[in-house]
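**Student:** One-letter residues, chain by chain:
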Amino acid sequence: MTATLTLPERPPTLKAESKNLDFYYGSFRALKSVTMPVYEHKVTALIGPSGCGKSTYLRCYNRMHDLYPGNRYEGSIDLHPDQVNVLHPSVDPIEVRMRVSMVFQKPNPFPKSIFENVVYGLRVRGEKSRSFLEDKVESALKDAALWDEVKDRLDEVAVNLSGGQQQRLCIARSLATDPEILLFDEPTSALDPIATGSIEELISAIKNQVTILIVTHNMQQAARVSDFVAYMYLGELIEFGETREIFMKPKRRETEDYITGRFG
Amino acid sequence: MSAAVSSRTQTLRAMIRSHKRWDAAFGVLGLLAMMVGVLTLAALFTNMAVDGIPRLTGDFFTSFPSRRAGQAGILSAWVGSVLVMIVTALFAVPVGIAGAVYLEEYAKKNWFTDVIEINITNLAGVPSIVYGLLALGLFVYVFGLGQSILTAGLTLGLLILPIVIVTTRESLRAIPQHVREGAYACGATQWQVVRDHLLPYGTPGILTGVIIALSRAIGETAPIITIGALTFIAFLPPVPFAGDPPAGPFDWLFSPFTVMPIQIFNWTSRPDPAFHQNAAAASFVLVFMTLGMNAVAIWLRYRLRKNIKW
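Residue numbers (my numbering), protein chains in the order written: chain B, 1 to 264; chain U, 1001 to 1310.
It is worth saying that the hints were derived from the structure and are not from the lab.
There may be inaccurate statements among the hints.
[To be verified] If you want a taste of the chain U side facing chain B, the calculated C-beta under 7 Å gives, among others: (1) Val-1179; (2) Ala-1185; (3) Cys-1186; (4) Gly-1187; (5) Gln-1192.
All figures in this text were calculated on a predicted structure; none of them were measured in a lab.
We treat Cβ as the ideally placed atom computed from N, Cα and C, and that holds for glycine.
Produce the complete structure using the sequences and hints provided.
**Tutor:** Next comes the structure, spelled out in structure tokens:
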């Protein structure tokens, strides 16, 4: 770690960006003109107090809000390099979800076998070749650091796994489809510290394959896993920057108050 | 100091004792209430068993009804009941499940679906004779299906349709939203979510509902009488491709028929006590058919739910 050996990093390429993104639950404006970049193969953490809109923001990226009536988007989220606005009404939410996958707060494996859980995204895409599916299961489970624990019992029901294993299985389920962006919505808030540690290691390990956007309540977690941090408050983006900068010398007073624990 | 504590403790204990008297009183009351139900049923069942069991020979199951009580059997009745149940299930299960899936997953929630929802629940409470009258008008006269197995099956199917819809919706609602979200997040379409997740995970509840609905239908008498089932049938519906000339594959659907409750009703209304024995024996069989179906429902639910948890 001598300073002379540090090579200048390549400037990050843009993977996605939201522009003037507003979101409404009925008449309630939950996001206020959020403009923010997401860099390729980097981990971007969304932090902020409860109700600040960070999960709402995350769930715009795979159009999860479309599942419920009365929700409305304004503004855009462009995926790069092809510049598709995922929020545009002409873009099918199914297409968006095929490209942008998601891991939820509570592990939600299907009550099916471990194998069937991992391949579900591929089955939805019409993949039938048994050998292809088997290869994908192995590589996805290896990427999710779960292979050694489950390789002898792929036919067993996934819901019998521990909470941490279930969450890694859900990550494998997402990775199996080679998403461009992987969304994590507080993925460790239902897990114990050891399981949390393994998920965090995993996030750092997979960022060379996929761009990651993670919502977290835990500032240490944001500091440990992320390259960029966005601080949100009451539906607004207060500050966005490199993790080191945000934690060492935030530009905005509100950010500093929050990360030093004076507020929130 | 110690005197003060002890008097306080005593007051406390007296209060708890008096509260516990109510506890005990309600326990006794509840036990009595339960006994009224259980003992009455047990007495009825024993009475029926004592009267009926001597008549339960092999011949009883393989004989047609007869003028002589000793030779009469329930062949046409149980075959009729089984065939009617098959038609009922084939009609009510797919239609009911599809309707429930539509209402629960596809339909927009607005006043119109609210009205439909309330009315389906109300339909479950409509007296069965009303279904019989409807079926007589619609199936027998308008569609010209006759007083046949098909008519009876469709009538009972309509009768249990609300039950199938309501239980299916409840089992779908019991599937947590985060499982649906997980499937949608994989890029599944609505139909893929229904086919791959909701129906498989809902199956234990749906099957239980279907079987309980069928065990209600198998005992229904009023609507079957209304559509004009015969009480004395000394033949079986035509077996497909058998006989001379060979019967068509669907001829049995249009055959006249009788069912267990009607056979029982017929025997009970005769003056000769020997027929009452037959009625008791047939009732015993019908109760066992119902209990058997319920047992299958419980077993299926246990088997299928073992691997489904959230």
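**Student:** Hint by hint, note whether the structure agrees.
**Tutor:** Tested hints:
With a cut of 7 Å, the hint placing Val-1179 (chain U) at the interface with chain B holds, because the nearest CB-to-CB distance is about 6 Å. Annotation: Ala-1185 (chain U) was flagged as interfacial toward chain B, and the flag holds, the nearest CB pair being 4 Å apart, inside 7 Å. Here the hint on Cys-1186 (chain U) is kept, as its CB sits about 4 Å from the closest CB of chain B, short of 7 Å. Checking Gly-1187 (chain U) against chain B by beta carbon gives a least distance of about 4 Å; that is within 7 Å, so the hint holds.
Hint status for Gln-1192 (chain U) relative to chain B: holds, with the closest Cβ pair at about 6 Å, below 7 Å.
In the structure shown, no violation is registered for any of the earlier numbered hints.
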